[in-house]
Every structure is written in structure tokens, then in C-alpha cells.
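**Q** Now for the letters of each chain:
There are 2 protein chains.
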Amino acid sequence: MSVTSQGTDRAARLARAATLTDGKICPPDRATALIEAVVMPGDRVTIEGDNQKQADFLAAALAKADPTRLHDLHMVQSVLALPDHLAVFERGIASRLDFAFAGPQSRKLAELVTNGTVKVGAIHTYLELYARMLVDLTPRVALIVADKADRDGNLYTGPNTEDTPTIAEAASFRGGIVVAQVNEIVDRLPRVDIPCDWVDVVVPSPKPYAIEPLFTRDPAKVRDANVLMATMAIAAVYEPFQVQRLNHGIGYATAAIELILPTYAAARGLKGKVASHFVLNPHPTLIPAVEAGFVDNVYCFGSELGMERYVASRANVFPVGADGNLRSNRALAQVAGQYACDMFVGATLQVDPQGNSSTATKGRITGFGGAPNMGADARGRRHDSPTWLRAGEEAGDPLRGRKLVVQMVQTQQPNGAPSFVERLDAFDLAASAGFARPPVMVYGDDVTHVITEKGVANLLRCRLPAEREAALRAVAGDTEFGRRQSPEASEDLRRRGIVMLPSDLGIDVRSATRDLLAARTIDDLVTASGGLYVPPAKFRKPAATPATTNAA
Amino acid sequence: MSVTSQGTDRAARLARAATLTDGKICPPDRATALIEAVVMPGDRVTIEGDNQKQADFLAAALAKADPTRLHDLHMVQSVLALPDHLAVFERGIASRLDFAFAGPQSRKLAELVTNGTVKVGAIHTYLELYARMLVDLTPRVALIVADKADRDGNLYTGPNTEDTPTIAEAASFRGGIVVAQVNEIVDRLPRVDIPCDWVDVVVPSPKPYAIEPLFTRDPAKVRDANVLMATMAIAAVYEPFQVQRLNHGIGYATAAIELILPTYAAARGLKGKVASHFVLNPHPTLIPAVEAGFVDNVYCFGSELGMERYVASRANVFPVGADGNLRSNRALAQVAGQYACDMFVGATLQVDPQGNSSTATKGRITGFGGAPNMGADARGRRHDSPTWLRAGEEAGDPLRGRKLVVQMVQTQQPNGAPSFVERLDAFDLAASAGFARPPVMVYGDDVTHVITEKGVANLLRCRLPAEREAALRAVAGDTEFGRRQSPEASEDLRRRGIVMLPSDLGIDVRSATRDLLAARTIDDLVTASGGLYVPPAKFRKPAATPATTNAA
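The listed protein sequences derive, respectively, from chains A and B. Note that the working numbering has the first sequence beginning at 9, numbered continuously upward. Note that the working numbering has the second sequence beginning at 9, numbered continuously upward.
Wrong hints could be hidden among the right ones.
It does not matter which identical chain is used: a pair holds within one copy or between any two.
Within a straight-line C-alpha distance of at most 25 Å, the following computed SDA-like cross-link-like pairs (lysine to any residue) qualify [as the list claims (entries may be wrong)]:
{"id": "1", "residue 1": "LYS72", "residue 2": "GLY111"}
{"id": "2", "residue 1": "LYS281", "residue 2": "ALA130"}
{"id": "3", "residue 1": "LYS127", "residue 2": "ALA438"}
{"id": "4", "residue 1": "LYS127", "residue 2": "SER284"}
{"id": "5", "residue 1": "LYS281", "residue 2": "PHE443"}
{"id": "6", "residue 1": "LYS370", "residue 2": "VAL128"}
Just so you know, the hints here were simulated from the structure itself, not pulled from any lab data.
Could you build all of it, start to finish, from the sequences and the hints given here?
**A** Below is the structure:
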């Protein structure tokens, strides 16, 4: 599109929108009409779908559009979380998709790809998708979400800033149209997160936006095996590598680590020496470590439902503005996770003989989210640290250090499926879905440690693929994968320090139990927070409850 | 620092500042007093030192502070460009430094490191430094720079947005104090780049901030050898790998490529097929390709002096806001360069037998800037593209693609020094400066192609270090490095498609000359821009002129 036609096109779209708005404000009952006015067939459109908050009202408004007016849209969005995110394809409004994660919609998405309703461009990590939104997947229209707006269109996101600034910047500086749904319109915002120049239309939504507490793990569900593996992680990695700057995945494995920092790690004299700087959402399970003074700094991708007051009261640890509330930023946090952290600790469903791991299973297209970005050696990194240098030395690299990438995986999944497999399901998924490459989450040659309930494999010390495979079989325990190797071969790896059993690390398996947890229930977390943490309903009641919505 | 003391501390600093300001505005003659009021001994302080624009007035004001009041500061800044950036160390105000690039101050910095005046924490790439500013190098005070402010403290950066939003976010959401120097205070800004909630004090500076046109290459200085190498790059890499999304380094090698896109590449039918999406500052040498419709999109780290009106008039190509001016963003552009580009093309001073390259020389500590981030295989990347897949296939990787990393280097530097060396000066520099690792700019195992005036080495096809070394010697020509290999060995690599000579690529060396350039002088660029490009004085006059300042 030429410069003149682009300017004319934007002006024409805004002129059509102006017939529906009062200044920048569009009443919610005109939301679909607004979208039909500003979106054109064939447009690239982004719906803000974060890990947590959702532009759900605008997603629904788009899904109600007339497919004879709006069709062939190319959706570019981080997360497919809501049924409406797929309804736009089922109704013939959109046909192409570039995305990063499709957790709850992964099975439905696989069906729609198979029957040709959705044509996927590529599956990205978050950071890749933002990058492409600036380069070749620039949105013509962005449907974003914030807590509050003023009448000029300035936006306040509250603690869940997440993707909003990045999407708004990508669209508004490409002649795109930015439409924001907000929970309320106020005279004066607590702070401005997105300047009004970047926002064209504001729609007050009838209900607060949907938001999910995805990063809350109930300490009551942490099992003894998780604690045992957590003690091994601290004794085999955190302590010898002096890991201060790190990122944790979600799941009970890392929740257990967070919960034994003030007990097990503190007893080993590690306070101030390890785990002092996190890039992490405000996990409730981090509260005891924060209160124990273990944690200096947490930079956040997003917030976590129920943690708002606690985080606001700990401005010395979390990124809090002069207004007193968290500002998160997923794009910058992904950068921080990649380049300011010496270690990523994650969990997985399947590991193959080369250490490749994946959460992909047949019949589901889940995508990648952020883990591959954090769970890769950052080869562009040039600054050193004791951790990074030691990892490089153990890997035998004379020229550069290495990032620690730790996978925590029990030898059996909770459903009884083996975690170590000769071939990842990801390979079959790639074949059936027509992907050019299998959706590997973390590649084996980037993994430095695999920890099971049996032991720790230090892959940094493996010089050959066969040695790496042997190390993995040695920690796979009494599984088919593990039994393929002789006990003598495993014992040899142990003598060479490649494989470590709990006893090698001075860990008494009988005492590595839930007794080590600094909090054993959600109530304990509330108490540790001084009553500032307010758990969402689903974590307060034993019975399942419907999806929580934002209480703002 | 506890949450309470952090809040009290910030309030106390702001209360001291309030005695010097009228609202948020501080008169320039009180700038040093202001800095002494808001900075405390031992603080981490950042001075905005971008690639282009400089917070020069605030840097000078800090350098004038009383060292008995302000001492032991820890400076965290992207670029050391100005004498005042080192004066703070020489005067005993600061003692520690974490940084990314020290171009013009590299020799002086090396002296101050050697004599113990400056203690360097680490040398970073830009993206790493921003990441650490969010995690463990959070600034207590940020001294930033913008074009204009309003009386509330909202900031307008103009086209050179660069690092300002990232630094402001890092400081203001950590209880830090943000002080901005601006060229003028106005009633209404063209747009808001930094919301006023993030800015504590504004200082109108007596002179517009210093800014350098670092990315302008005069076409008159492009030599025939540059053009020959540019034709090889297009024939051996851009065309067969169908490279659409890319980043260019600075220098005459890539300037030559930019200038033959509308001639040589267009004649090969490549318009719309290669080099359509750039992550790049607005290089004046890109004007002919933009005007020829070769380029769809350029996302920018910063702007370039003299290109303001041209860029504003090409909003279909560059990121331009509703106010009609470019907004750049170095942090997001580094992300885009890493994750949305299939290729980085750079130049270097020295290459060793394994393809490691560096611009480091003895007696200078230059730092890294951004090249290592772009010039590394992005192992966290998961989305595919034809370019990325083909590079992975040529490298024999069944599981993932590869980023193309191309080094353009003449076998001799303009000063006659050999470019191919048995050992990089970077190794000696590391030994003499006490670095833990040599400052390698791009590692050999990340490089995919090396192009000299003699030929192209495709390192993707080399399976062993010895083969890579042989391929490099084959393109080193009649140099000591090249003569260490028999012509037969080089001929064997050529037969196997690892080494390509110009004739193998269908290039007639006699016709690969300056005649191919779409613009041969700065005046030609002005003409191509329709008079919209306004070259800075140093490019208009033959004689050397003093450093250009911003004409805003």
C-alpha cells in the first residue's frame, strides 16, 4: 500500500468509526458495528490474548460480525484462550492464524487445522510473535484490553500490563487502528500505561475482562517426590553454580523449590547467595521466600490474580510504579528471562534419548508460549557471571559460557505415562499436522541438567550424544527407558560425576518431604503474606468453580 | 532496601529536588544541584547514551558534581560516547561501570581500566544491558533525554526514541528518580512517548542535545570491491535462500548491497522476493531501494540525522505515528533483529581460522553494541520460514533451522592489515584487560557465510572444524593466511559447493563495479528522495566539520 493510500485508508476507517462514537468512546452495544467499520476483508487483526487477561468483549464482538462483510482475516495473537478466538474461523470471518500458545483451545484448533478451517502460518514463542508484529505481521487493527481509560483514550492496565504496550506500539506506528476495551472510564487514571495518541477508540465493556490465575500452585498439592527433586535441584545446581538470576517455569516442581528456599536452602547457608533475582510472575508460592528476605528482585511478565495487594506492598521487590501498583511487561520480561538470567528451570511431559523435550501430544496443537526462548542457550549473550562461566567450563567450551537449562521430570507422569520415551509424540504430531519441524519445546543440546526423583544428570559433562543418552537412562529409574541400560554403565557415569543420586548430594530421601515446605496450604500463603494475598475462589473452595473474572 | 525505607528514600530525594524546581521543571543552571539532591553516594545511575542522541547536558551536570558529596556511583549505560561519560570516573564521582559500547571513548576507557580508575562489571550487548536494568542493575536515578516535554512531564522523543522508554520504565517502576533533559518545553506535544507518571523532573537544556549521524555512508566512498562482494552476497545468499527478513550492519559492504538492490538484484528478478523487510536504522543508502518499491517495511532502532522528513513521508515503510513522525525503539528493534529476521549481514576487522570475528584491538575496549545479538543463531526461535529451513538443511540439522549470519570482509583492511589472522587480537586484549573470555563479536560456529573479494565460503556445509578452516583459507586469497593452503584443497571445496568464486556465481568481475550503484553520491540520494533527505553538514562539505548537533 502506498503512503498516500495508507493515510487515506486510515482516515476513511476512522471516519466510519466516528459515526458510532462520542469522541473516542464507543458504547458497548455498537462494538460489532465499530469492528465492521474499522476492519476490512483480508486485514491482519490482532486480539489481545495474554497469558492472563483477555480482550474477551472485543473477541466476542468480532465473532458476531457479518461474514459477508468481514472475511479472510489474518489473526495474529499471542494466545488462543477463548472459544470466540476460534469462532471467528468457524464463522468464516478469519482464515489465517499466526500465534504462540493455544492451551485451552489446543484440541479444537487441531481439528480446525485438519479440516482446513484454519490455515496456520507458524507457531511462535511470544517474543518471536511480537518481533514479527513489528516487521512482517504488522496489524491493521489491534483489539486490546486495559483496566481503565480516561476520555482522551489514555489507558491504565493495572498490574496485568502484559502485552498491551507492545501490541499498541506495533499497530499504532504502522497506521493501524487501535481499539481498547476497558472495565471503566474515569476522569483521572492512577497512571498512564498507554498514551492516548496510540489509541483510537475505547469501548467500556459491560463486564470486567476475563482473567485467569494461571500461575498459582496450591502447596497442598506439592508431593514428597516434588520436594525430593527440589532438594536435588538446590544441592546439584543452585548451590554449586551459585545461581542468583533465574527464571522458573510453572508447575509443582518449581513451586516446591520456591517453597523450600526459606527452609532447606536457608539451612545450607544459601540466603543471599542463590535465587536472589527472579524473572517470574508473582507466584503465590514465592511469598515465603520474599518474606524471609531471600529474594531481592522479581521482574514480572504479568501479574497473578489475588497477588495485587501483596505485590503493591512489596515495592522493594516487584516493579511497582509511583501510583503504587505493579507494572508488568511480557516482552521486556521475556528479554530479561533470556539475557539477564543464568538459569531456566522447567518441567515437561516427555524427554527423548537426546534430551529433547516437548509438551506436545497427538490431537492437540498447544504452541510454545515462552519456554523455548528461556530454555535455550542465549548465544548472543556476551556478559559473564560466575554461573555462566562455570557452565561453559563444565561443557568444555574455552570461548564462552553457557546458560543453565534444567528440566525437572518425574519418571512417570501423574496419569502413569512414562516421561522418558524413545520417540517424542511431537514427531508424530508434526507428521500429522504437516509441520516442517517437530514442535520441540526445549532441544536436548540446550539442556544442561535433567532431574528426576532418581537423580540428576549433568549433561554439561557429556561430550558425545551416546554419553548424554546414557546419562538420561541412568536417571530414568525402573522404567522401560531406564532398564535398557546396564546398572554398571549407570554406575560408571556416577563415578565420573555425570550422574548424581540423592545420597551423592548428601540428601536423605526420608527427610526430603513436605515437612520442608515453608507453606503447606493456600492458607499458609495467606498467613505468610500478612493477609495481603487474596486467593481466587477456585483456590479457596474445595469444589471446582467457574472461570474467575477480574474483580477490579 | 526494605519497602518502607525505599518509599521514604524516594520521597526524601523528591523533597530535596522540590526546593530546586517549579513543579516538575528545573532551570538548567540548577542541574548539578538537582543531581546532588536526587543522587546518593553508591547509587546505580544511568545516563542515557544512545547510539545517536545523548543526554549530554545532564552528563555534564553530573560530571560537575562535588565528589565529596557524590562518590562511588555505579554507572549503567548503553554507550560511552562523550568525554563527560569518563570525567565522572576521573573526578572520583563514579567508580563502577556496566556498559555495552564505548566507540569514541574506547582508548581512554582502556587506560582508566588499566590504572584502576574504572572497575568494569561486564561488557554487554544492548539487549543484555536493558535486561539487567530490569533485574539486577536497576537504576536508582536515570538521566534521560527527549526532544520536548509539556509542563506535566510528558515526553516527546521525536524520531530518535531509541532507549528512552526502556530506561524510563526500568527506573520509574523500581522507585527510581527519572530526570529528563529536553530541547524545549511546549504546551502540547505532537505525541506522548513517555507518560508523565514515569518522569519526576524535566530540565530544559540550553542547547539541543548532541546527536551523531552514525549510519550514513557516502556512496562516493563505496569502492568497486564493495560492489563485487555485494553482487556475490546477492547471488550466493539472498537469492538462493530467498531472504526476505533481514538486518544489515553498518559499513560500506552492506551499503553497497543496499545500493544495488534496485539495479543488480532487480535485474535478476528479485524485487518482491528478497530484502523486503528490514530491521535497520533509516540508512540513507536505502532510499533508492525504497523508492524502487523493493522494500515493504523497515523497523528502526533509532532514526538517522537528515532522514526525518523522508521517513515521515514514507509512513507505509517506516514506523510513523499519527503525529507524522517516526517512533523508533532500540529494545524492540533488537528483539526484531534477533527473532523476526532470517539473516544478519555484518562486517568485521579480523577473522580467525574457526571463523570467530572481532573488532577488538589492543589498547581499546570498544564493547559489543548490538551485533552479537543479531549475529548469533537464535536457538530460542521456533517459527519456520523457507530461509531458516534451508539453512538448517544445509547444516545437516534434522530438527531445526538456522539463522543466516554473513560476514563481509575484504582480505586486507584499508590500512593494509590482513583481515584473516591465525589469532584474534581479542585474545590478547582479554589477557591484558583481565577479561574472563575474549571479546569475540560473532563466534565462528554461528557464522554461516564469509564473503571476501575472492569468493564466498558457505560454512553451513562444513561438517568439521578442519573443513571450516579450509573454506576460510580458500577465500582469503593471496594472503599469508590463504597461502597456507594448497590450491588443490581449495579447488576441492569449490567442486563440493562449499566455496564459490565469482565465476561460479555467474558474476563478471569486470562489470561488478560502481556503475551498478543506484546512487553514487550523497547528492544522488537527495535526488532519489525527492529532496526530502537533508544530509548533515559533514556529508555536504568536503572538509571535516565539527560534531553535528540536532537542529530540532
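**Q** The structure should be examined with respect to each hint, and the outcome stated for every one.
**A** Against the structure, the hints come out as follows:
For a Cα distance limit of 25 Å, the shortest separation of LYS72 from GLY111 inside one copy, 23 Å, qualifies, whereas the shortest one across copies, 56 Å, does not. Taking identical chains as interchangeable, the C-alpha atoms of LYS281 and ALA130 lie at most 25 Å apart only when they sit on different chains, with a minimum of 19 Å there against 41 Å within one chain. Taking identical chains as interchangeable, the C-alpha atoms of LYS127 and ALA438 lie at most 25 Å apart only when both belong to the same chain, with a minimum of 15 Å there against 51 Å between chains. In this assembly of identical chains, LYS127 and SER284 lie within 25 Å of each other by CA distance solely across copies; the values are 23 Å between and 44 Å within a copy.
In this homomeric assembly, LYS281 and PHE443 come within 25 Å of each other (Cα to Cα) only across copies, at 23 Å, whereas the closest approach inside a single copy is 44 Å. Taking identical chains as interchangeable, the C-alpha atoms of LYS370 and VAL128 lie at most 25 Å apart only when both belong to the same chain, with a minimum of 17 Å there against 51 Å between chains.
The structure fails none of the hints (numbered hints given earlier).
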